[in-house]
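Visitor: Use these hints to put chain Z onto chain H, whose structure you have.
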Amino acid sequence: MLSHALFSTTRLFISHEQGERFICLTNGPTPAVLGNSFAAPLHLQISMRFILSLFTVLLCLGSTAQRSFTVSGFVKDAASGEALIGANVFVKETMRGTATNVYGYYVLNLEPGTYTLAMSYIGYEDWTLTIEVSADQKINIDAVPKAILAKEFEVVGERTKDNTEGTQMGTVELDVQKLNTLPALLGEVDILKTIQFLPGVASNGEGNSGFYVRGGGPDQNLILLDEATVYNASHLFGFFSVFNADAVKNIELIKGGMPANYGGRISSVLDISMKDGNNKGFHGQGGIGLISSRLTLEGPIVKDRSSFIVSGRRTYIDVVTKPFINPESAFSGSGYYFYDLNAKANYRFTDKDRLFVSGYFGRDVFDFSGSNEGDPKFRIPWGNATLSARWNHVFGPKLFMNTTATYSDYSFAFQADQDQFAFELFSGIKDYGLKVDLSHYPNARHRLKYGGQYIYHIYTTSTVNVSSGDTDFNIDTPPKLHAHETALYVMDDFDITDELRINAGVRLTTFAHVGPFKLYELDENGRSTGTVDYSSGKPIASYAALEPRLSLRYRLRKGSVKASFNRGQQYVHLASFGSTPLPTDVWIPSSTNVRPQIGTQYAAGYFRDLMDGLFETSVEVYYKDFDNLIEYAEGAEPANNGNTNYDAQLVFGDGYSYGAELFVKKRLGKVNGWVGYTWSRTMRQFPDINQGREFPSRWDRRNDLSVVVAYEPNKRWSFGATFIYSTGQAVTLPLNRYFYEGRVVSEYTERNGYRMVPYHRLDLAATLHNKTTRVVTDPVTNETSEVARRWKSSWTFSVYNAYNRANPYFIYFDASGNPANNTFQVVAKQVSLFAILPSVTWNFQF
Amino acid sequence: MTAQRTILKGISLLATATLLLSCEKEITVDLPETEPRIVVEGTIEAGMPPIVILTRTQSYFAPTDLNSIAASFVTDATVTVNDGVTTHTLDRICSGELTEEQIELISSLTGLDVALLTNANICAWTKLTLLGIPGTSYQLNIQTEGKSLSASTTIPHPVQLDSLWFKLALQQPNDDSLGFIWARLSDPDTIGNGYRWLAKRINAGPDGSPKDDSFVAPFFSVFEDRFVNGLTFDFNFNRGSTPYSEADDDNNEESGYFKRGDTVVVKLVSLDLASYRFYNSFQNNVASQGDVFSNPANVVSNIQGGLGLWSGWGVNPVLDTVICQP
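Protein chains in written order, with my numbering: chain H, 1 to 846; chain Z, 1 to 326.
With the rest of the complex left out, here is chain H:
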């Protein structure tokens, strides 16, 4: 808890006067105990004190006299009206500037004078305007997309100079529209799998879209879709992610130096923004692939003021295969499909107020029913729903507010019937949240953000229902768990000198598990001997933490160095019954026994642009420490969660990870892409696992190399290739066997003690675009001219695992034969999932 004290022992005051800058640090009254848990009244007191000191900071800033004016506005795509995120707006004379926020809003503070205001954004024409600054001004910029197909094709569109200028480390933005030309498994463009190609991000085996950032678990990634949390981001055992790329505008991944405006997860933030919809005209896009089809429609509701977008995707393996399945076969009544629906609408009331409403709904459904009367029937539906309503308000040029109400739901159900038996298993989580974020631009050197968040969580931590005929088994209606989570934060991104910029912030978080709740009292065998009932709202366990976040950039003559420290506390945990993420994984809140996960990360790096920004390079090192991780005990079963406490089958431990990451990216040109390399080590230690000895985590990878290349020789063709190499996955194998009642039993000794062979794979893709223009002959003058086609289409041919490497998916030992007649034998078998797998997808746009 030591570092909690970092920002609590000194209060930070910043003053700024007439070119003179100083920082005032005063020893304020120190909150005595900022440990993990204390009673509610105490943390209320601390919150109050925190709010007061927050205001003191703001007053300190606000009171400084400024002889400067603001230039602010929104940057939008001139053709679609879509807000542009991360566009550079700067003053040409000084080359100083800013980037637009997630709503396309920017603010510059300028002293009186004449300037050339410029805007640049990849894929758009450069824009400049000469302005005379003598008062606050509002300038909205309509960015014009470059002619039909940009000559320079970029895999990743990002802010120029941000690599060396910003304080952020380990942050990557991806432009989703460019992902279409990269190879994809079965032609399904997948955001999460592209993220796995970045250094510091590991995958969990073949075809899996789960991602593991710098040694952190899958539950430690905050995945936000338009600011609503997505709890389970994958379909079908993780083979596909839930994000339909057609509906997504922008993706930002933060794997280190998490700023204070994000919290609740300790490893990374994946912030996904959905498209707003074209407010100029009606358009659509879609595609037909091997396993799914997609359709997106967008257009204005009120031109220039309001727009909508609706996007859907559904797989059709079930529809396609059904006619070919023999009605008498065991699989005749089976089917599997998933679908995703995204919808969003926005309305601009005035230049100062804008409302966005967006939602996502997706489901996986697996059905099985045999063709015979006595066959069992299964139905396994699971999926996410999110809803967010956001209101942007510009108070004045210096203050931008965003208020968001969110709803998230993840649920899993397993229903089975056979004869007179019925069996059900449920789990899930529901969140209701409210969040206010303010961006404050007091002067040219400070970019402040502050705000607060409240989430009401309802957890269903895996429950079973069994009945046999008229007999309902004695399974209590499981307690749903209720919790309040709050956060308050303040952060300042400011330039101390021209060379040194720091981003300092604190986040105060609280979490309270409250009634109604039923606590089981257990005997030494774990059997319930009675219960203690907590009434609605009664506190059961509460926690609070002050999370310091600090990152700094020091500009060198060539490139810059950056360092960051951050500490976060996480009040939700994911426990998995399997060795790979499954929809049965259960989200579990912190409470009396399940203490909050604590993540502490130290990182440093050197960043440099080469050849006038053509290449962007970086080297980063990190060390990360994890406390209070959870796992299910060896042999835990979902059914055993009935009639006992939800944490009865859990065990607790710690972990750490360290590593180095190298990244070289070629941004522009006909050939572009990146190479990422990671060297890392990720370990776990649990007193009740592996006899208390340290063991490697499943996503521990010593070496991880990825290469992404795009090549666009001309306007009709584009090519993409990706290559990945990683150290073999750690797996648990039995060392010994013995016979019991004549059957072969395995004895496991070392958790994750064996390595499968290294994983490597090359994927290729080629995209053929139809002609984007057609020749029109004027009937009167007979002159010919080229006109842009409204309808555009392309074919993407892609090959997964191009050199047909048999990558290991898992290993198992197979014992067969009868020892008594000397036919017994044991062999090790390696199962590979995807051999060379070609696919074709047809995409269209109008």
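It is possible that part of the hints are untrue.
[Stated by the list, open to error] These stretches of chain Z come out as covered by chain H in the derived footprint (C-beta under 8 Å, 3 or more residues):
| id | region |
| --- | --- |
| 1 | 48–57 |
| 2 | 236–245 |
[To be verified] Computed cross-link-like contacts, DSSO-like style, restricted to lysine-lysine with a CA-CA straight-line distance of at most 30 Å:
| id | chain 1 | residue 1 | chain 2 | residue 2 |
| --- | --- | --- | --- | --- |
| 3 | H | Lys435 | H | Lys480 |
| 4 | H | Lys249 | H | Lys280 |
| 5 | Z | Lys167 | Z | Lys200 |
| 6 | H | Lys377 | Z | Lys167 |
| 7 | H | Lys280 | H | Lys303 |
| 8 | H | Lys829 | Z | Lys200 |
| 9 | H | Lys146 | H | Lys352 |
| 10 | Z | Lys259 | H | Lys377 |
| 11 | H | Lys249 | H | Lys146 |
Read the hints as simulated data drawn from the structure, not as lab findings.
These numbers were taken from a predicted model, which means no experiment stands behind them.
We treat Cβ as the ideally placed atom computed from N, Cα and C, and that holds for glycine.
Guide: For chain Z alone, kept in the frame of chain H given last:
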């Protein structure tokens, strides 16, 4: 019981569907050698003498010929059982010393293959004068190869089934003869009762001898009263088969089913929780081999200083019999 089976089946079906594209190959895996451990397979059933068989763990890829397998059986040990009053030293019986008839008897008692007993010298420890009594605790001590092992178990009071019947499974087209055995059980109102279900067909098979030589426990035939404490409820079980069975009806469409006309004796064993946990984890361990989605888990033993189980079985003196007629 049913729940466990159902989840496994559902998940594995879904897994099978996704693994249709997969392929597999044999590989060589280098595993480190570790010191062998002693495995105890010991039971004391109400009204029956104790039987203890001792084996050693072997490296997973140790030779698999009959001699090597036979060498994993321990032949030299001192085994004692204390019933709270007296310490009884168990007698060693080895298959090498037995007649063919005695081997068949041992086979039906232990479930060990007749061929294995005939071709290798397999030893067991017993005391024919020591018969299990429900409610009594038995302390087992073993000295072998410089190791000391111990365990304690109590024979629970047996629970009588309310009724037994046969019902068609209707899982194959136009089938009117294959089915499962159903039972009604009233669980006593004390938490912590474990059960194991075994069944034996005593009607004659094609060769004129009874269809089953010994009681067979189908997979997932162990359950406890966590969710059924004090309830009267119905349940069913499919027909189990002995490991490596070469019988026709274990290798054709009758596999797993009882058949119209079978006469079936059911042995419902009452277990303490340690025994329940062992059998449950044992089944899961055997069933999850080759399952990518399960977390590997060792069998939960009650033996100090070794592996395996020393288990008291509460069984009624008279077993229930059902004739398969729908």
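Visitor: Confirm or reject each hint.
Guide: Quick rundown of the hints versus the structure:
For the region 48–57 of chain Z, the assignment as covered by chain H holds, since 3 residues bring a beta-carbon within under 8 Å of that chain's beta-carbons and 3 suffice. Note: the region 236–245 of chain Z has 4 residues with beta-carbon separation from chain H under 8 Å; the three-residue rule is met and the coverage holds. Note on Lys435(H) and Lys480(H): the hinted pairing holds, with a Cα-Cα distance of about 24 Å set against a maximum of 30 Å. A hinted pair counts as satisfied when its Cα atoms are at most 30 Å apart, and Lys249(H) with Lys280(H) qualifies at roughly 17 Å.
At roughly 17 Å between alpha-carbon atoms, Lys167(Z) and Lys200(Z) fall within 30 Å of each other, so this suggested pair holds. A hinted pair counts as satisfied when its Cα atoms are at most 30 Å apart, and Lys377(H) with Lys167(Z) qualifies at roughly 18 Å. Taken as a hint, the Lys280(H) and Lys303(H) pair is honoured in the structure, with Cα atoms around 6 Å apart against an allowance of 30 Å. Straight-line distance between C-alpha atoms of Lys829(H) and Lys200(Z) comes to about 35 Å, which puts the hinted pair past the 30 Å bound.
Our distance criterion of 30 Å between C-alpha atoms is met by Lys146(H) and Lys352(H), whose separation comes to about 29 Å. The hinted pair formed by Lys259(Z) and Lys377(H) meets the criterion: a straight-line CA distance of about 23 Å does not exceed 30 Å. Between Lys249(H) and Lys146(H) the CA atoms are separated by roughly 18 Å; this keeps the pair inside 30 Å, and the hint holds.
Violated hints amount to a single one, hint 8; each of the other numbered hints is respected by the structure.
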